[in-house]
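Colleague: Each chain, written out:
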Amino acid sequence: MKRRDFLRLSALGLVALPTSWYFAGRAFSASHKLPRRIKSVIVLYMTGGPSQLELFDYKPELIRMHGKTKSGFRTEQNETEGVLMRPIAEFAQRGQSGQWVSDLLPNLANLADELTFIKSVNCTSNNHALGQLDFNTGSTLMGNPFSGSWLNQALGDKPAELPSTVIMADPLGYPRTAPFLWNSGGLSSTVAQLVCKRPADLTNLWGESPSLSMPEMERFLGLARRNASLGGQAADAPLLEARLRALRMSQSTREIFSQLLAQQSSEEEKKLYGLDVELCKNFGQQLLMARKLVEKEVPFVQVFCGNEDDPTSWDHHEDIKQIIEMSRKIDRPIYGLLTDLKRRGLLDSTVILWGGEFGRMPVIQPDFAHPNGRGHNEHVNTIWLAGGGFRKGFSYGETDELSLRTVKDRVEMGDIWATIANQLGIDHHEMRYLEHGVEKRFTKKYHRVMHEILA
Amino acid sequence: MPGIFFKIHPLLTHLPFALALLLLTLAHARYLEEELRARVLKWAAFALFAVSLSLALTGAGLLLQQRDYYASPYWHLAAGVAFLLLTFFLFFQKNLNPSRMLQISPLLALIALGTGVFLAFGKSYLLSPTTYDPKSERFSLVPESQLARFHSSVRPILDRKCVRCHNPGNPRGELDLTSVDSIISHKGNLSFYTPGNSDKSAFYVAISDNILSERHMPRMAGLLSPTEIETVESWIYEGGFKLTQNQETDATATTAREGESSWAFRKFAKPALPAGSAHPVDTFLLEKWKKLGAHQALPLSREALFRKLSLTVTGLIPTAVDIKQMRTEWPAGYEKSLDRLLASPQYGENLTAYWLDLVAFADDAGFDGKAGGSPARFRRFVVDSLNNDLPYGKFLRIQLSADQAPFPYAGDHLALNFMPKHRDDYVTADYALDSVFSFGLGIEMRCARCHDHKYEPITNEDYYNIANIFTDHYTLGQVGEYELRMKRGMPLKTGQFGLFEGSSGVAQAASPLPSDFARWLTDKEKGVGIFSARVFVDNVWRFVFGKGLVATPGRFGSSTPAPIYLELLNWLTYDFLEHGSSTKHLLRRILTSQAFRSRLLSPTDDPKYALYGRKRLKLEELRDNLLRIENTLNLSYRQDDKEKQNLSELSPSAQNSTNRRSIYFRRFRASTSASDNPFSLHFEGANGFASSPQRPQSPDLKEAFFFNGSYRFQETVNKLALAPTKANRNFSEALARQAYQLILSRDPTQAEFESWRELFGRDPNLYRAWSTFYRILLTSNEFLYIY
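Chains as they are written, first to last, in this note's numbering: chain A, 1 to 455; chain B, 1 to 787.
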């Protein structure tokens, strides 16, 4: 559609607007009235729903009530009572701020003064698929664009060497919702995400095959443009330009990734990210890559940890003790990432968001042969943020004495995304577009920037 | 146990009433002796006093409840009972003055009742004759839309009495009543409201239930007054948020104007053919364009037209042999070529690719990634049916209800019945239902799965009534919502879903079967056959032109503006039905028109009038044509029975090595491995969850990774470039012409010749020059888009 046509349609007024949006790719643009305080966002997504009770939400009352029957609530399995189970980990107050962190995360606990905990996140669904969609796309309905795409569309389209969203999935597998998480909906194709499992996958996405080197690519692009100009009738210039731009980016991405992968990590760096431990290796490499991508000013990096189909995910229905291994898997790499970003002076310009779709129940889920696990609890979820102008060593929101329900400062992921968008200089209400006459939004109308958690 | 005790409380509190009345009557009985009368009067006075005290306590209990949400709703009842007992105790203190008690009691009762009513209904009935304004709670008699009525009458009630506990910051019971969105998206055990049926509406039940019930709302003070309850009931009775076609539409949902919105559901007749000797399709276009000015035609060359025809019908670019044959026959033999292409097995395969997108087909079931049924046989059925030109209605009916289909399909429902194929899988059943309505009727059904449709007249109940047709065979276990909604064998209400003018409800039978639904969908007389045929015609038009006559792919709804060329669409629909619902006839109609044969440009720039959309080769078509250019494409239509029935049973690498058309590759909805799913996760495309009448048409990064560094693309470039390099042949006009013919079906222009000659002259590396040459041709718009 030509620009002229678009203007013409707009001149027809409101009636024509949805139609013109439809044809124009339905993308929105943001006004950028707010100052941009951070450059990048790193999301560490724990697929499955990590237990807040074992990690951050300290409940002495639960220890006292261990073994007692609690009723008057409804679980995911529609049970109305259950036997309370104490957290399997010991808690302690950490750092000067005295934040409670369990000893499952001994390294991260040392950085408690850097973190902003939010213990009152509520999810609109207690189902994994919908919870993942809610966390990552702002809607439980399929078809909403991915968070990175929303934010990048709002940040605006700048020529870049690397894609604006890089996703590193767990090497064990994609989440089941992958086709719906990683889509850019009605947004422009330039904000599509790049998905890989291991950083090395990127260099052979479509099977091992030599690609054009960057000089070859540049030469090729010049010739292709010239050839198109000779072709006459079929040369649809903007379309070709978009393809050539994407081709160039495919090569620059490939080269930068190879370069970054080829960089030898020092012994100190290996140790910092836990690359010397088999368990931490994959996640550590992903986080190391995330740091390098942030250095290259990639605006949105997300690392997924855990895969629902695998016994070692964060979805501990049967045995909560599995969280010990999962915590060990992430503890050193995350400590390494935060420390590394801090000493490189990148922590203030980067936001790290850690969390999963929902929290877990204080009671034992009884459906198993040796019940020792916790079911989903969408009313309670603890996430934390680090860097990027958030209030350090601070805890926001409270749950009741058993962490069964949120009792103070209830928020939803939309509030968190609105706050992150604010730090990126985006008014979150601007992230919306019409699709078939229905308004799609990243955040809900009632979500707000949480100024209380900003420094 | 305490519950039982409290339930007799109303009896206890009302007993003194009866007792008092009885005693007062007795006291006036003439035959009573004076002494006895005085005693009876004393008893009556006591009873009245007890009643008053009890009422006063009820008021106090309500007052206390307001302060403490967590108090048991039975708190005041307990207090009431306790005090009743206390008054019995007081009775035996003989020094009470009966006449004094008689004087105090009515006053006490009046005050207690007044306070209770004020606390409960938020209104002073003692003063109400002076303050009550009946207009304030009545809605106007002027018809307003349900949404407007919600804002004017219902919302103020919510704001006054409900949002204190149901707001985003504090959504008690996970219910937020501050916005229309959140009310609609609320998922409770009972739907928040059920249009026309207040008893099935959680909203109404909560406010109107017995005050002692646990469900009763508001739990804090301020019950809804009878007028308020009546307002809510009336709003629900009229349909809740549901908008009827004549009512103004939801401002956030659509801006379509009144009248335009209902075209999709209105019955339509076959329009008269406009005057003119041109092709019927063209006469409709010319008729529309007459008023706008002169249109332009950019006729295509024979070769370009043949290429476009071949790509449209078979999805493959023509070979040199095909072109040679065409040259001997054309221009007179256009229809002969067309018939030959339509008769080739590749036609069915090509249309199958589109059909599988439409029906959201996948080889696996639901989220589990398990293969279900026999997808290979379903695929083959579609290819064969399209090649044999099975009438559309029958084609649809067999797919929807193969278990009741005639021989040779009978009993083959596992393979053919794509919809209830996965009856044990609610996820797939839901998506199948959604896609059936999308490709069958152009209605986005999935909205009604959780709430009444926001802008189509489809209720939540409609959805489950229809879902029930397809799901009564399977066991619905753990899914809470389903369990509550789907009562097995629940008869479908006749006349339900009478959305389409002139059609009956989905089925008249008490417990309809999938075949009843299929018959309704395809029956021209009683069902919605002409409507479903029209959606198919539009999809076929989109298949040919890259843009449908209806602007929104797969959506013919209230919010869809009436298409500019509606008469053409309606005429084509009748033409299609009159010719035995033959897809080949429909294609022949469209492909013989000038609209297809030459590029017709409408006289206006308005995109609404534009005929053509972008038509990019799908990744599947791209792969097939790369193999075609390499001359390695295996066109075998049917493999021997000894071989695997279907490529989808082979590993990805084995699939690739057979070089058969991509339509036989497996398609997975949910996959944990990219190699299972080469066509969806790494390429924007049909994901198998929702009907997708149109794939994305813009280049993106995922596509770029295919062109730069993928084995498949590099292989083709290598093969093409190595042939002249090995033979040590430098650029020549003959070689260039051959390559252009092979890939673009045309000769290069003089300017192109010279440009290439210059490139080859500068580049000493022959292989590099040839591979650049081919790479540029294979990534050009001209190759990747059908013009």
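Simulated from the structure, these hints should not be mistaken for lab results. These numbers come from a predicted model, not from an experiment. Every residue, glycine too, gets a C-beta built ideally from N, C-alpha and C. Errors might be hidden in some of the hints.
Computed beta-carbon distance windows for the label pairs [stated by the list, open to error]: (1) B:727 - A:143: 46 to 56 Å; (2) B:732 - A:143: 50 to 60 Å; (3) A:344 - B:729: 23 to 33 Å; (4) A:425 - B:269: 30 to 40 Å; (5) A:277 - B:200: 38 to 48 Å; (6) A:143 - B:292: 30 to 40 Å; (7) A:295 - B:159: 21 to 31 Å; (8) A:344 - B:727: 55 to 65 Å; (9) A:81 - B:158: 52 to 62 Å; (10) B:388 - A:32: 58 to 68 Å.
Colleague: Now tell me if each hint is right for this structure.
Modeller: Here's how the hints hold up against the structure:
1. For residue 727 (chain B) paired with residue 143 (chain A), a C-beta distance near 52 Å keeps the hint of 46 to 56 Å intact.
2. At about 52 Å, the CB distance of residue 732 (chain B) to residue 143 (chain A) agrees with the hint of 50 to 60 Å.
3. A beta carbon spacing of about 56 Å between residue 344 (chain A) and residue 729 (chain B) contradicts the range 23 to 33 Å that was offered as a hint.
4. A beta carbon spacing of about 57 Å between residue 425 (chain A) and residue 269 (chain B) contradicts the range 30 to 40 Å that was offered as a hint.
5. Between residue 277 (chain A) and residue 200 (chain B), the C-beta spacing of about 58 Å breaks the proposed range 38 to 48 Å.
6. Between residue 143 (chain A) and residue 292 (chain B), the C-beta spacing of about 36 Å keeps the proposed range 30 to 40 Å intact.
7. The hinted range of 21 to 31 Å is not satisfied by residue 295 (chain A) and residue 159 (chain B), whose Cβ atoms lie roughly 51 Å apart.
8. The beta-carbon spacing between residue 344 (chain A) and residue 727 (chain B), approximately 56 Å, falls within the hinted interval of 55 to 65 Å.
9. Separated by about 33 Å at the C-beta atoms, residue 81 (chain A) and residue 158 (chain B) break the suggested range of 52 to 62 Å.
10. A C-beta distance of roughly 59 Å is found between residue 388 (chain B) and residue 32 (chain A), which places it inside the suggested range of 58 to 68 Å.
Of the numbered hints listed earlier, those contradicted by the structure are 3, 4, 5, 7 and 9.
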